[in-house]
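Student: For reference, the chains in residue letters:
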Amino acid sequence: MSELYEFDWSSIPGALPLLGKGLLITFEVTLTAIVVGIVWGTLLAIARISASKPLGFAAATYVNLFRSVPLVMVILWFYLIVPQVLKSIFGEGIADIRLASALCAFALFEAAYYSEIIRAGIQSVPRGQVSAAYALGLTHAQTMRLVILPQAFRNMLPLLLTQAIILFQDTSLVYVIGLSDFFGTAYKVGDRDGRLVELLLFAGLIYFIFCFSASQIVRRLQRRYAQ
Amino acid sequence: MISIRQVSKWYGSFQVLTECTTEIQKGEVIVVCGPSGSGKSTLIKCVNGLEPFQAGEIMLDGTSVGDAKTNLSKLRARVGMVFQHFELFPHMRIIDNLTLAQIRVLGRASEEARDKGLKLLERVGLKAHAEKFPGELSGGQQQRVAIARALCMDPIAMLFDEPTSALDPEMINEVLDVMVELASEGMTMMCVTHEMGFARKVAHRVIFMDQGRIVEDAAKDDFFGKPRSERAQLFLSKILQH
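Note that the protein sequences, when read in sequence, are chains A and B. Under UniProt numbering, the first residue of the first sequence carries the number 1, and numbering increases by one thereafter. Under UniProt numbering, the first residue of the second sequence carries the number 1, and numbering increases by one thereafter.
No wet-lab data here; the hints were simulated from the structure. Beta carbons are placed, not taken as given, at the ideal position from N, Cα and C, and that holds for glycine. Please note: incorrect hints may appear among the correct ones.
Here are a few chain B residues that face chain A, going by a calculated C-beta distance under 10 Å [as the list claims (entries may be wrong)]:
{"hint": "1", "residue": "Leu75"}
{"hint": "2", "residue": "Ala77"}
{"hint": "3", "residue": "Arg78"}
Modelling step: build the complete structure from the supplied sequences, incorporating the hints.
Tutor: Below, the structure is given as structure tokens:
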């Protein structure tokens, strides 16, 4: 005969320090991917719309490649490749090979997505702005940096934040390489204490709180820019 | 000052400019007119290299615009340009619009650039708006700021690409007044415009273009008195009717 499942949340309070550590890893991966992704993505976007054909082709290949492959596979590939590369550069003394490979994978993967958002943002700035900047004697690099990109980033801020929210959720995929991020830690604790359901519900709640709050901020930003 | 020789330009197989030739002396005011699609905006954008051209030569104060070895940014910094849609930088205050290129291109100190900017804003009657953003100003005010921004660079010549076509009628005169004043001070000017009143008042010569060619290039009085080409006569009779 079946009984109703009885929830037992008692293993959570004791696991909080461990879960906090996991949350820090999640944030570390997310923030690194955002920063590197936006910087590298901006360069890719500029290369893609540049007049140089080889540069545009190389950037397009990069973007299309990463956008056509599942993220889980990229994480696994990097876990197989990055340690070899790091060892050949630094020797055996790398502290956390899992984290290093996850950081690389997410940063390079996200750059492909960010570059498409940024490209659209750059193209949303009227052509005449480029002409006006050129006519004043600004170089191409100055025009991009001082005139076009500030306007482009303002236009695409909501999209960039939305992508960051998706990224925050996607970081949970690092469980495939056994990295103890927030989700991975919750899973391990639940497994250890036989309380998997409670731990995963709790983890889901935390993800929800962060993502929902962030999406509210995005909505508010959008409303402000719509005015 | 500006010499345009046999300039031709194609978009793919479509020819937009055909062997355009003219000369603009120092201190001269030239008005370029013609029906839309006649290539007048394209021609003026070739003068400072914003549009490339495939044949012919444009010399700007002794420097060849089309030469691959020419530093175009440096050359453009010496020529002011005013656009149909103003093209102020919307994310910067008016004063920062005026100082940006002075600081970044000419290497002026920010104090000096600011003084210069305020002086020119005063000249176009907008000093009180220095700390505002472009979006807070009317079209006519924005265009006067755009003229001041170009003048901040101490240009040797000014190019105007339909500076009043995007303006509401009641704002056209405030912009034309600034241009008339500039002309009377001896600025070398090339203006693409339909404002024939302005042309009559300050132009030395009028260039009429049609289908990518310079059809007529005449002294102002000759042009308004008795244009030689039929096409120019027709154009004038149409726009001067009212």
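Student: Would you mind marking each hint as holding or not holding in the structure?
Tutor: Evaluation of the provided hints:
1. About 8 Å separates the beta-carbon of Leu75/B from the nearest beta-carbon of chain A, less than 10 Å, and the hint is met.
2. The interface hint given for Ala77/B holds, since its Cβ lies 3 Å from the closest Cβ of chain A, which is under the 10 Å cut-off.
3. The closest approach between the C-beta of Arg78/B and any C-beta of chain A is roughly 8 Å, which is under the 10 Å cut-off, so the hint is satisfied.
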